[in-house]
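Colleague: Using the hints provided, position chain G relative to the given structure of chain D.
For the protein sequence lines, the chains are D and G, in the order given.
All residue numbers for the first sequence refer to my numbering, where the first residue is 999 and numbers rise by one.
All residue numbers for the second sequence refer to my numbering, where the first residue is 671 and numbers rise by one.
Quick caveat, the hints were computed from the structure, so don't treat them as lab data.
Computed from a predicted structure; not experimentally measured.
Quick reminder that beta carbons are idealized off the backbone N, C-alpha and C, glycines included.
Each hint should be verified, as a subset may be incorrect.
Partial chain G-side listing against chain D, Cβ under 10 Å, derived [what the hints assert, rightly or not]: (1) P741; (2) P748; (3) Q754; (4) A831; (5) M833; (6) L838; (7) A849; (8) F873; (9) P908; (10) H920.
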Amino acid sequence: MVDRILGRGRDGKAGKDGREAKDGREETPAQLNPEDAKAAVWNRVQLARNLRRPRILELLAVIADEFVELHGDRLFGDDEAVVAGFALIDGHRVAVIGQQKGADTEENVRRSFGMPHPEGYRKAMRIMELAERCGLPVVTFVDVPGAHPGSESEERGIAEAIARSVGLMTRLRTPIVTVITGEGGSGGALAIAVGDVVLALENAVYSVISPEGCASILWRTTDEAATAALAMKMTAADQQALGVVDQIIAEPAEGAHTDPDETGRRLKAAILRELDRLAGVPIDVLVEQRYRRYRALGAYTELAGPVSTPTVPPRSGLADRLRGLFEAGQRAMPAPLQVGRRDEPPAREDV
Amino acid sequence: MPMKFPSFRTQREAFPEKLWTRCPSCEEQLFNKQLEKSMNVCPSCGHHFRLAAPVRLGQLLDEGTFEERDPGLVSQDPLGFVDQKAYPDRLAAAQLATGLRDAAVWGFGQIEGRPVAILVMDFGFMGGSMGAVVGEKVARAAEGALAARVPLVIVSASGGARMQEGTLALMQLAKTMAALERLRAACVPYVSVMSDPTTGGVFASYAAMGDINLAEPNALIGFAGARVGAGTIGQELPPGFQRTEFLFRHGFVDRIIARPDLRRELAQILRFLAPEPGVTARG
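Pulled out of the complex, with its shape left as it was, chain D reads as follows (with noise of 0.2 Å):
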């Protein structure tokens, strides 16, 4: 089905893939029936994570003039999930930090298979406030399934160091580029993926748990992950509609695996353009800005007023009060079980 949806795509657009891709794709999912939309959402959730796709140092290798890798935490040790140094880039000193998965399984094990540790967080961090000190802009490259689940890794404070290095970049006064690359998986992409402006390439996923996370949790199963995918809208276009990722880079062919040369130009083209309309900014507008692009994140309404639980009598007493809502919370237990049931033929409520 894959296939089917995929040659579908590539017959509909012969000859101007380019252009097309960049004014977003034309399938989208809402067009498509419900399985063909999952099937389409899940190839790029296997795009995303394609074992030859380019990486960090692949795509220095192709961006940057120079590289310089520079190791270590200075509190714990260097973990090679993370990948940070300074990098020259058409006449550019930059700081880049990304993660980086591993190409066989040997490599895989000396990585993590590109899930960080806390140490690789905090290497991170200290590179961001070295630039910070040198005026260097920093680049980010956001390629993770997430951070380390394991227990070494919540005995270093993994939370700590996502939470810290997250705050540490709402705030960091050099200019930030952000690039997805592969998978935004959930805190261990924020981490290092809070930035001035958040490109992704085309075939990037980013979501705030991974889909077979979400499938195991509401779904009870990993079988829905495809399901969950869909409903999570991961897809960088997606994430471009909700505001989260600010432009898409088309990646070239079949994805950025098949000619990671290219993939590294146009990312490269974009970067630099970033950099420079950035480095026009005044930092203390730039900070704010970014302040306020996160600030006004997330979608909700005000209501006017209390919230009008029946119960709770107006202008009462505190403990009245809070007695009165919280009586009507174990009240109101039954409750759910009659919105369920709204939906059912009403002889079955008579009953």
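Modeller: What follows is chain G alone, placed relative to chain D:
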């Protein structure tokens, strides 16, 4: 569109109020009145039951001092998310069950006479998950504390980011951390209290980042769900993994505080962090 509430009265008659609760830890049958008196801590084994947000506020704050802010925030459904149930239906059910509009309540109050901005989470509302409303309330609480220059207290109880809001829920990590960084830069203290459970994106943002981190005993606190971790890397997890005491041993919690002592200890810490209302540290 106004939500239609079912009649509470008929429900109440149909289901007499529950009088007993079984402690999930020691299996003791506890009389609810007695449990309430002991602050929802099992008198026989010390198990800390999860608290509804209003009850937590009642336990921590001086009576009659709480002024709620931003009670009108409600989540939208930005993804049109449907799993086995549509997200708006889940929200409506949670609102009915808890009497809250989302999983967090914030406002200003006093703890032993000291003014604080306080936000408490409610695990009963969709697992205390953080979507746009929780993130917005945390950010507004931090901004409110900064504007009033009073300490911020956050009591977490959450399974993490709300999957139904997708990456917009993930972005709440950045939103909350951005606001907390400004609070920190302005030297306004922030005390994080972690209760059972504090996991995922909430732990990986504001909960882990208090100037002081407090935690209730034996609470589940961790980044990756134990099943997620074991499933992904096939690793055996040590006993007591991701419990308060594990975190304390590894240096991420300042103090483990049993619930009956929490209010007093908070007040004591606040006396050091913010000596007198309106008086600076050197004063």
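Colleague: Where does the structure disagree with the numbered hints, that is, which hint numbers, in rising order?
Modeller: none
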